Amino acid sequence: DQQVKQNSPSLSVQEGRISILNCDYTNSMFDYFLWYKKYPAEGPTFLISISSIKDKNEDGRFTVFLNKSAKHLSLHIVPSQPGDSAVYFCAASLDGGSQGNLIFGKGTKLSVKP
Amino acid sequence: NAGVMQNPRHLVRRRGQEARLRCSPMKGHSHVYWYRQLPEEGLKFMVYLQKENIIDESGMPKERFSAEFPKEGPSILRIQQVVRGDSAAYFCASSPLGGVQPQHFGDGTRLSIL
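Taken in sequence, the protein lines are chains A and B. First residue of the first sequence: 1, per the working numbering; consecutive thereafter. First residue of the second sequence: 1001, per the working numbering; consecutive thereafter.
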């Protein structure tokens, strides 16, 4: 029973266009969400996070949107660049993260084509 | 991923042997987390430690697996009597305070069981 779901295993986008990566969760107690980016043979790198008291957080080309009623969040990357090609993981936690345990989705592989 | 150091990067063991994976957190970080990633899966939480204390080991298999984070030296994840199913990438993360700050990951140890 996956609590964090990334239903698209892969996504292909043209350079310069918008990339939208989606994530759904089942546990309404989750209150802190993160996106990580992972290159092959490397560890995940933190990209951006959002608390459940917000519905949007922006950092440069990256914006995360949270829809609590739908238990859905999305990561927008605009404009997309070839260097953004990687696997993107959505993660969730409880109690503002104080429990330490991150629950990850299975990831979406993004390919940005020149 | 600079900062969290994991070694070895690759480890090959025969069934029944012991595997020891080491993790040195980022400077100034006193909280360590271990995750396991099976092929085509997301990262799964195993254990959360502070110096000399296990805070949460709810994701750790009850047998053969143990973890420690001594007062001096790196955190160690130990797997005794390894089996084929232990083959995976093991990632360590650290944070300066309890919970997600966010967690910063190392590049992982890829464990292969012959």
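Source of the hints: derived by calculation from the structure; they are not laboratory data. Note that this is a predicted model, so its numbers are computed, not measured. From the three backbone atoms N, C-alpha and C, an ideal C-beta is built for every residue, glycine too. Watch out, some of these pointers could steer you wrong.
In the BS3-like style, the derived pairs of lysine-lysine whose C-alpha atoms are separated by at most 27 Å in a straight line are [unchecked claim]:
| hint | chain 1 | residue 1 | chain 2 | residue 2 |
| --- | --- | --- | --- | --- |
| 1 | A | K54 | A | K71 |
| 2 | B | K1051 | A | K68 |
| 3 | B | K1071 | A | K71 |
Short derived list, chain A residues pointing at chain B, Cβ under 7 Å [what the hints assert, rightly or not]:
| hint | residue |
| --- | --- |
| 4 | G43 |
| 5 | S49 |
| 6 | K106 |
So, going through the hints one by one against the coordinates:
With a CA separation close to 13 Å, the supplied pair K54 of chain A and K71 of chain A stays within the 27 Å bound. For the hint pairing K1051 of chain B with K68 of chain A, the CA-to-CA distance comes to about 36 Å; that exceeds 27 Å, so the pair is violated. As the CA atoms of K1071 of chain B and K71 of chain A are separated by approximately 41 Å, the hinted pair breaks the 27 Å bound. At a threshold of 7 Å, the smallest CB-CB gap from G43 of chain A to chain B is about 4 Å, leaving the interface hint in force.
Interface restraint check: S49 of chain A against chain B, minimum CB-CB distance 6 Å, threshold 7 Å, status holds. At about 5 Å, the closest approach between the beta carbon of K106 of chain A and any beta carbon in chain B falls short of 7 Å, and the interface hint on this residue holds.
Checked against the numbered hints above, the structure breaks hints 2, 3 and satisfies the rest.
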